[in-house]
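Asker: Residues per chain, in single letters:
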Amino acid sequence: MAISVMFCIMMALSIIFASVNGTTAQAGNGLMEGAQDAVTLVIGMMGTLCLWCGVTEVMRQSGLSDKLTRLLRHPIRILFPEAREDMSLHGDLAGAISANILGLGNAATPLSIRACSSLHRISGNTGAASDSACMLVILGATSIQIFPSTIAAVRAGAGAQSSFDILPAVWLTTLVSCTVSVGFGLIMRHRG
Amino acid sequence: MLWNLIAPLIVLSVALYGLFRRVDIFSAMITGAKEGISVSARILPALVPLLGAITMLRSSGGLGALSSLCAPAFDLLGIPPECAPLIIIRPFSGSGALAMGAGLMAAYGPDSLIGRTTAVMLGSTETTFYAVSVICGAAGIGKTRYIIPAALLGDLAGYITAAAAVRWLF
Chain A
86 MAISVMFCIM MALSIIFASV NGTTAQAGNG LMEGAQDAVT LVIGMMGTLC LWCGVTEVMR
146 QSGLSDKLTR LLRHPIRILF PEAREDMSLH GDLAGAISAN ILGLGNAATP LSIRACSSLH
206 RISGNTGAAS DSACMLVILG ATSIQIFPST IAAVRAGAGA QSSFDILPAV WLTTLVSCTV
266 SVGFGLIMRH RG
Chain B
17 MLWNLIAPLI VLSVALYGLF RRVDIFSAMI TGAKEGISVS ARILPALVPL LGAITMLRSS
77 GGLGALSSLC APAFDLLGIP PECAPLIIIR PFSGSGALAM GAGLMAAYGP DSLIGRTTAV
137 MLGSTETTFY AVSVICGAAG IGKTRYIIPA ALLGDLAGYI TAAAAVRWLF
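Here the protein sequences line up with chains A and B, keeping their order.
Counting the first sequence from 1 gives a position; our numbering is that position plus 85.
Counting the second sequence from 1 gives a position; our numbering is that position plus 16.
There is no bait here: all hints are sound.
Using 20 angstroms as the maximum straight-line C-alpha spacing, the simulated SDA-like pairs for lysine to any residue come out as follows:
#  : chain 1 : residue 1 : chain 2 : residue 2
1  : A       : Lys152    : B       : Asp40
2  : A       : Lys152    : B       : Val39
3  : B       : Lys159    : A       : Gly212
4  : A       : Lys152    : B       : Ile26
5  : B       : Lys159    : A       : Asn210
6  : A       : Lys152    : B       : Arg38
7  : B       : Lys159    : A       : Gly209
8  : B       : Lys50     : A       : Thr133
9  : B       : Lys159    : A       : Phe269
10 : A       : Lys152    : B       : Leu32
11 : A       : Lys152    : A       : Ser173
12 : B       : Lys50     : A       : Arg145
13 : A       : Lys152    : B       : Val27
14 : B       : Lys159    : A       : Ser202
15 : B       : Lys159    : A       : Glu167
No lab work stands behind these hints: they were computed from the structure.
For reference, chain A alone in the conformation it holds in the complex:
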């Protein structure tokens, strides 16, 4: 819904600015150019995206993804105290978190929903989110990203010299962003 409103606002603003600035010709062409650019962009990034999805699939089939999942056991104990006894819930949580970290958007959402439903059930299905459920959703919304393949694909499509040279900056940024939101979540948990 929000995006529909944004679209109308952008269109209306463009028409107003074009009339005021006398850039009607550029604005009129801009709409069509942008629509064409969308196709060029998707074609440009499609190859890179397919390659990375292929690599991800190899990681899944060879059990490399599960290895990462096992690395997450200790952080899970700290962040989700309510799940300590429940090993199947542990698996759900690890799956959801590692799918988020690996950037598997399609797998991350269903896995997060499943783990979140289980956490919610443990807390007795009251209307409000339990602290552990809050933590899971916060992690899903500001997850650490190891490999932003879609953005690298867009950069490659736009003609970047080295589409992966942003990786260190992305790691630093994602770490700060995730630490701030998880830290805020922990503070709120211990206050309430």
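With chain A fixed as given, assemble chain B onto it according to the hints.
Answerer: Frame of chain A; chain B shown alone:
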């Protein structure tokens, strides 16, 4: 120098590990690539109207005017004001943000300060409101308590860090 080879090195290591674990890696890569095609096909319909509207806003001079309006606040945080539209759209729509980012990279160049900051912001944040509403909605959670403030605070920290990191590293 190393960054040019990071992608091939990752592909090779994953492939060798797969071979070691007796996975038919080539057919696995094909299975994954099909997924890549469907992802591309899914984002294209959303990108067409959005990139159209964004390009129009840029070429009408509106984007520049809006950026200079936001400039003082963004200057304070060290964020290039040109990134303002991206930051506004980011928590609401993944494809919208992708279109906005692609538009900024096309306008200023993917290797410019703005282009790189855009990419880092996109690569290290998520579609906050979408993620929260989908997960909570499906899990039957009515009251989200401190989830939204925590996530938005993290996003804000991310935007500031993204701009600082690009300035510092490039």
